[in-house]
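Colleague: Listed below are the residues making up each chain.
2 protein chains.
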Amino acid sequence: MIIDWKKIAWEIYEKLKEQISKMDRKPSLGVILVWNNPSSEKYVEQKKKWAEFVGMNFALYRFETNISEKELLEEVEKLNNDTNTSGFIVQLPLPDSIDDKKIINAINPTKDVDWFHPINQGKILIWDNSWLAPCTPSGIMEIFSHYDINLSGKIVTVIWKSNIVWKPITAMLINAWATVISCNSKTPDISKFTSISDIIISATGQAWIIKQEMVKDWVILIDVWFNYIDWKIYWDMDFENLKDKTSMITPVPGWVGAMTVAVLLKNTLKAAK
Amino acid sequence: MIIDWKKIAWEIYEKLKEQISKMDRKPSLGVILVWNNPSSEKYVEQKKKWAEFVGMNFALYRFETNISEKELLEEVEKLNNDTNTSGFIVQLPLPDSIDDKKIINAINPTKDVDWFHPINQGKILIWDNSWLAPCTPSGIMEIFSHYDINLSGKIVTVIWKSNIVWKPITAMLINAWATVISCNSKTPDISKFTSISDIIISATGQAWIIKQEMVKDWVILIDVWFNYIDWKIYWDMDFENLKDKTSMITPVPGWVGAMTVAVLLKNTLKAAK
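Protein sequence lines, in the order shown, are assigned to chains W and X.
My numbering puts the first residue of the first sequence at 871, with every later residue one more than the last.
My numbering puts the first residue of the second sequence at 871, with every later residue one more than the last.
Same chains, same names: a pair is fine if it fits in one copy or spans any two.
Distance condition first, Cα-Cα at most 30 angstroms in a straight line; then the derived DSS-like pairs of lysine-lysine:
{"#": "1", "residue 1": "Lys876", "residue 2": "Lys1140"}
{"#": "2", "residue 1": "Lys1062", "residue 2": "Lys1115"}
{"#": "3", "residue 1": "Lys1113", "residue 2": "Lys1056"}
{"#": "4", "residue 1": "Lys1102", "residue 2": "Lys919"}
{"#": "5", "residue 1": "Lys912", "residue 2": "Lys877"}
{"#": "6", "residue 1": "Lys1143", "residue 2": "Lys972"}
{"#": "7", "residue 1": "Lys876", "residue 2": "Lys892"}
{"#": "8", "residue 1": "Lys1062", "residue 2": "Lys1086"}
{"#": "9", "residue 1": "Lys876", "residue 2": "Lys1086"}
{"#": "10", "residue 1": "Lys1031", "residue 2": "Lys1056"}
{"#": "11", "residue 1": "Lys887", "residue 2": "Lys912"}
{"#": "12", "residue 1": "Lys1102", "residue 2": "Lys912"}
{"#": "13", "residue 1": "Lys919", "residue 2": "Lys971"}
{"#": "14", "residue 1": "Lys1062", "residue 2": "Lys1113"}
{"#": "15", "residue 1": "Lys919", "residue 2": "Lys948"}
To be clear, the hints were calculated from the coordinates, so they are not data collected in a lab.
Bear in mind that the values here come from a model prediction, so they are computed numbers and not experimental data.
Take these sequences, add in the hints, and give me the full structure.
Modeller: What follows is the structure in structure tokens.
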């Protein structure tokens, strides 16, 4: 079965829309954009579209790439103190002249709807995930919850590259009582782990790192990342040869972005409350 | 080989003593103790003994069990603001009338040498571990570093029960490029994982959960927890039957406490600087 992410995202948006329609004061999402790359523009466009669809206010704060770190910190501080902004994000990447970490650490954790501030990350590690949640990992968890997949006792392999996705998803899966195997580029033989897994989540950007012979029947496959080779896009999973062997597989492309935005808006609603 | 934790702890203490001897202003460790249970008394005693050995100041703040949450929060605030206190801990458990989380969240993260505040936990998840470190997990990492064990590419199974140890050790091992398998009480068959592991860290308190036939030759075994059955103490590892099969094994009892205190004092020195 191919995972119907459009339906899952749609259900989240509809539910948010209904909740927000009952609120006297609408939640407001702010986005700081310092860059001129087309991917960032596209991501921001999606966030605006769906924020407005669910009935939130949306404000874009656009700055030239020559803005200084100090000036950007001041802009972050303005939004921290702005009572009209429920939550905001700083769209990454930032220009090289600016230290990402400094900017992210300056965001008030209660407005950090992108969930990048260490205090939010820490919360998921020790307390619970009732508060703001990491967007892409929570998007993955939304899939499991939509299909009533009980993670307790399941063997889940996570193959990763970036901090943003794999560490929080590992923590969230562990919180849900899964047995989690965290593989990286130094893992001697990943097929040893993929072949015994009930669920595989891959976010490496390495073309077709997961192949048909590496997984067992009825596995659930979640493909989170891609790369370009000779101008052609390749995802982590060899989708065409895998899809008939799995019980569920994410289609490509599209789902990651949509689920990430859906969770971002859920966070913004939480922050508004 | 039996891991010589006394030597490892001793080396840490000696190094701290030397560093502190060169400081004009000695680091100071504070301990808040609200309880009258003999284990807590014993733990505090050890902290005092070694803090004084390395040349730190040590201050014990003892309160009756009828202290209110509000009063205890005020005491925490006093130590947050006391420039003579480099770092301090609140010895757990606290009486049931007091919410642990509230108290821990009130500690200034830069003085949180027990590493329980969410902002510190978050730091290990995303940034690095150059700052204050979780005590028991770091004690385990000290063992690997003492014996020059390169974790990159190693398969490490962590079997856990408590938040304090297993989540941070999982994050730290992942940071060190190990392939980490996190097992819990819902894992269908842990021997499937222990039998392919280079290193096993067990902290369940379940008697002899790790037996000889479940591990491969030359495995490294780290035993973190114990339990009492009929007044007899049992650790997670069946030590007598395992010791000749391993390349390294932690002896019991003693090592966990010693390494934890050693890291606590390292944290206090960091906090003083």
